[in-house]
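Given the coordinates of chain A, assemble chains B, C and D onto it according to the supplied hints.
Those protein sequences? They're chains A, B, C and D, same order as listed. Here our numbering is used: the first residue of the first sequence is 1, the next is one more, and so on. Here our numbering is used: the first residue of the second sequence is 357, the next is one more, and so on. Here our numbering is used: the first residue of the third sequence is 713, the next is one more, and so on. Here our numbering is used: the first residue of the fourth sequence is 1069, the next is one more, and so on.
In short, the hints are calculated from the structure, not lab data. Don't take each hint at face value.
Below, a list of computed lysine-lysine pairs in the DSBU-like style, where the Cα atoms sit at most 30 Å apart [stated by the list, open to error]:
| hint | chain 1 | residue 1 | chain 2 | residue 2 |
| --- | --- | --- | --- | --- |
| 1 | C | Lys1023 | D | Lys1272 |
| 2 | C | Lys720 | D | Lys1076 |
| 3 | D | Lys1216 | D | Lys1155 |
| 4 | A | Lys87 | C | Lys799 |
Number of protein chains: 4
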Amino acid sequence: MSNSYGEKFKITIFGQSHADAIGVVIEGIPAGITLDMLLISKMMARRATGNAPFATARKEDDLPEIVSGVVDGVTCGAPLCAIIRNKDTRSGDYDALRSVPRPSHADFAAYCKYGGKNDVRGGGSFSGRMTAPLAFAGAVAMQLLREKGVTIGAHIAQIGTVVDDPFDPVNVDAATLNALKGKRFCTLNDNTGAEMQAAIAAAKQDGDSLGGVIECAALGVPVGTGDPMFGGIENEIARCVFAIPAVKGIEFGSGFAGSSLRGSENNDPFCLKGDVIRTETNNHGGSLGGLASGMPVVFRAAFKPTPSIAKPQRSVDLLTKKPVTLEISGRHDPCVVPRAVPCIEAACAIALVNLI
Amino acid sequence: MSNSYGEKFKITIFGQSHADAIGVVIEGIPAGITLDMLLISKMMARRATGNAPFATARKEDDLPEIVSGVVDGVTCGAPLCAIIRNKDTRSGDYDALRSVPRPSHADFAAYCKYGGKNDVRGGGSFSGRMTAPLAFAGAVAMQLLREKGVTIGAHIAQIGTVVDDPFDPVNVDAATLNALKGKRFCTLNDNTGAEMQAAIAAAKQDGDSLGGVIECAALGVPVGTGDPMFGGIENEIARCVFAIPAVKGIEFGSGFAGSSLRGSENNDPFCLKGDVIRTETNNHGGSLGGLASGMPVVFRAAFKPTPSIAKPQRSVDLLTKKPVTLEISGRHDPCVVPRAVPCIEAACAIALVNLI
Amino acid sequence: MSNSYGEKFKITIFGQSHADAIGVVIEGIPAGITLDMLLISKMMARRATGNAPFATARKEDDLPEIVSGVVDGVTCGAPLCAIIRNKDTRSGDYDALRSVPRPSHADFAAYCKYGGKNDVRGGGSFSGRMTAPLAFAGAVAMQLLREKGVTIGAHIAQIGTVVDDPFDPVNVDAATLNALKGKRFCTLNDNTGAEMQAAIAAAKQDGDSLGGVIECAALGVPVGTGDPMFGGIENEIARCVFAIPAVKGIEFGSGFAGSSLRGSENNDPFCLKGDVIRTETNNHGGSLGGLASGMPVVFRAAFKPTPSIAKPQRSVDLLTKKPVTLEISGRHDPCVVPRAVPCIEAACAIALVNLI
Amino acid sequence: MSNSYGEKFKITIFGQSHADAIGVVIEGIPAGITLDMLLISKMMARRATGNAPFATARKEDDLPEIVSGVVDGVTCGAPLCAIIRNKDTRSGDYDALRSVPRPSHADFAAYCKYGGKNDVRGGGSFSGRMTAPLAFAGAVAMQLLREKGVTIGAHIAQIGTVVDDPFDPVNVDAATLNALKGKRFCTLNDNTGAEMQAAIAAAKQDGDSLGGVIECAALGVPVGTGDPMFGGIENEIARCVFAIPAVKGIEFGSGFAGSSLRGSENNDPFCLKGDVIRTETNNHGGSLGGLASGMPVVFRAAFKPTPSIAKPQRSVDLLTKKPVTLEISGRHDPCVVPRAVPCIEAACAIALVNLI
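Bound conformation, chain A alone (with noise of 0.2 Å):
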């Protein structure tokens, strides 16, 4: 079922953006955890606000209720079940859309899948929403993976046309990756950072939208994490960062770039460094054959613009079967790559914490 996802750190996530409630129910905790509530509530108030001033004006202060699995803070054993009220809903705004799908939006592939009778308030189902029990639990296995010595961080590594700095994939450390994480926008280059909210702000300006790459780095993964085949380190975080609204593309390491380059560029020599075999350059992203190499995990995801933009578009009505021009209205992000990187981060780590 596709909103379950780990055999041992097993989610469930459930909601719909202008539903009762969204939510997560997480099976595999071991008892006696202290829930760090801090890191949770800083992981999620990063997805809400993205800690900087281009989110949605819609406001969820999105305080997770644990209902169950956890006695007096710390974990029981049993399934913890963690309930998110949706508050402030306007579900008015989305009733033109009932029956004219905005492009590049699921409206059309579910009022087919489901017969027309998907929740179409907000998205339903489909709203970047979701991503809110997703960083709740991601906040849940980065604690988990942290007692483990595993650190993972993520910047924005593009905006539009605009690149930030790379991480060195050799080299970079949990104070980088966790420096990133109090930022209000989280890139490397704050010149960069800067030219990214001010090109954002020029497509709010029109009535636009921007995409982008965010690219995330795990620290600390032991050598051999992972399974052969179908069970690799690639296969399970691209399972988990497809489930991100708006990804349409993961590459690990050298990734698409490497595929021009030849063997010799692109393959990474094993060296020592002390006692401890590592490589020279990282081009294969720590991961070989689907195992860690002990080297960072660094893999970038990108993102498609917002769909939704006030601009006028053409669609269809679906029972009419006439051409429309579309307005939405709504409050929408101009751009959702900085509200997506704790998002990334919880991907990563509900993937990780799987497979170590």
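Okay, now just chains B, C and D, sitting in the frame of chain A:
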């Protein structure tokens, strides 16, 4: 378990490059299907030789023996097991590699994961040879999909820096896809194909290797195919495609390039084509919210250059913990991309047959 | 993960007896179903009170709150999450039990499994209370099955040594099964029911408890339903039925008694009833080779006597490792069997809805 | 998929009685295990012949060929595939059965499920022969369990109306269990065994068959093994045991008999044995709330009498829809119970190795 995939059409792949056999068990094939052995043998042949002169010197007739699930050529509802004997193995070639991991191969990670007990002969279970049962299962999946009106085909989109013409993502048709399958070197543009072959020959001459990109399209996927969140078209295709060794990236539709567009540029307006609702462009690559839109599903997979090269490389002896210069003998593709084309089709077919 | 079950109609149960809430997420309900809330509330009420005067003194209105998956009473294709708040909890009752395991309860094993961090209040996640979300999910499954012509019903076949009339395994009809659901004490024979109630009252009087047997029948299961080996009718029903606390055995058709018959006595000859192929007898309980035969699926589940009794019992203090005499206070059923009848129906429905 | 079982030690069984081969793929065996081929071959031999004179006249040497997953006798971490060729098949015997289902066999249900395309030869994939790969996998599981201190053994508890002595559920020891495996007819009481053999001979003489009960015990299962709700010891053992053809019931501990006891009689008081906490009696059969209590896991499985009997029986021709008198030729066990003893051990081992 990572060697299994699928819930409706479930495959379990077994074997190692130099074990007695490799093979696959397929559960979920309906009873009463007359297996199209020609389709299967063509698929296997394309993988074995790439229809091309650049494949590995290792000779494998790769004739699968179907030991169960079929009575007089017709499926009986029981799991189908196909076995491919490994014949032309020269395990001696690999003895020297036991403690010296080849750069950018799975050797080192596998050594750590399995405590040195992994099968190093020919790459063991991490060998590209494991794609033979994948291609077999993919051929069966393609037969089932064909009966539902789905056609899958792929071409070599890039080798090194040579780039083929792309698919027309809106109008690509089944005739184009099927014609590619008969080509000795399957590019859309034969001139490009000739350049690519020259590039491979040059790399081989230099004791080096090349990577590339394969573009794949699936036509006729019913609108609404796919499931939300973790079970979308992108999630499942990505999960299968990353099972192919050397794949380091995947993107759907406009993918990474789309990340630098604005919403008004990247959005695909809906339109009517007769009575059918389609999109004018196909930057979404046939998937919206993880669900098929009815447009061609189009994706690109990035392959790293073959890590096995004749040039000397730096590595470390795992036992002595000393730096070593490694020279790899044995028979290796200077470029796996041509032979990987049917593997990409197979991975796509296996993912889709589970969703439809 | 053990709190989840099913591939087509997948349930994930969460909660503990004295947590804020218990509940269930159901994936796989088709979109467009108007939930039959009356069916659901009757099922919940039968479980909560057993339609009988002997249920626990604990009052639970057990009204499920459906927080997702339903729009205006109609399913929308997204996972349905139903939450039941725990209100009338007296956790203080259980403090003494923290280190002294109750005989024949899960306490000791759970203490060891979870390092003493398990939720001991009210039995935590091992409480019979966890059957409330099971009953909810079972009611939804029964609604879906009803639309496919399947009727499920059960009766109390035995309490202590008092034995009810059995179902006629060949001719049991839907009217009989449905009539049972309206009974305050659901036996086929009311005289037997009166005797059983007297036996329960007597046990209660003695500070003791009783076990029993429930017999369940499913009519209209299409011939061929079920899968070979691990996915047969018996495998799946057994797997679900053993999720109900206190079940210690299950048998289909002639079951254990059939083991002492000869083949010629136990075999069920095929015959024609009009144009339909049936069997003259039904010692096979509706399942052959794990597949439905078209005859009523009939099985019996054995319940141990409620382990919580007022009589003093011998136990051991886990901390002091000293023998202890334990007297259990709190509110407990002298016999869970009457209230378990809808739970058995629910387990059967959940198994079958996944197979059909 | 119903031919697969397990998450940690996952088996996928394939084949039909008269296909080229039957076999099993096992995923999850740790690398570095030297397979105990003697244990495996003894297990296979006990199943093939029952160590007894009453087995089917069909001769199968049942030597498994291990085609992958093992290098020089040692597991390498890749999936192990074992193939058993079907040699002594006389498919002609079954031609007459194509349209006339044998009473109490899977024939009719399979005919309906697979549209008449199922493999009828020798019962196809519903044959008792499918327990050969189960026994193989069970032997591997028993080797892994042995290293964790777990011993599993079973005896024939009943044939027809002849009843063997039961295990002492509190004190049964490994020596007793292992001694049973060497017996030609494995009862605890040899006199009972002789009576059972006489009963089988008499039934055979009459062209009839017998059923029976097997009792199985698992010692050394660590306290807390198993998971709540759907993943308990009982759920998983039941799920595996019902994969064995002819099993119609299962009970743990006092089982059905315990249903007529009072709580004060059936409860098992905790006590100290040295420093270890145990129970004075073992009516719970080693499982409380689905979790192992540390006491022997004891269960009983009911087998129906072999449905294939020489006596004429009533059936219906599926094509002509006319009543038919059926006389079954071919080679059949008058009682499968003796040969099923290692299968029950195997099913128990496969369930437990996934839980521990």
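Here is what the structure says about each hint:
1. Distance restraint check for Lys1023 (chain C) and Lys1272 (chain D): the Cα-Cα separation of roughly 53 Å exceeds the 30 Å cut-off, and the hinted pair is therefore not satisfied.
2. Restraint check for Lys720 (chain C) and Lys1076 (chain D): satisfied, since their Cα atoms lie roughly 22 Å apart, inside the 30 Å limit.
3. Taken as a hint, the Lys1216 (chain D) and Lys1155 (chain D) pair is broken in the structure, with Cα atoms around 37 Å apart against an allowance of 30 Å.
4. Our distance criterion of 30 Å between C-alpha atoms is met by Lys87 (chain A) and Lys799 (chain C), whose separation comes to about 24 Å.
Hints 1, 3 from the list above are not met by this structure, while the remaining hints are.
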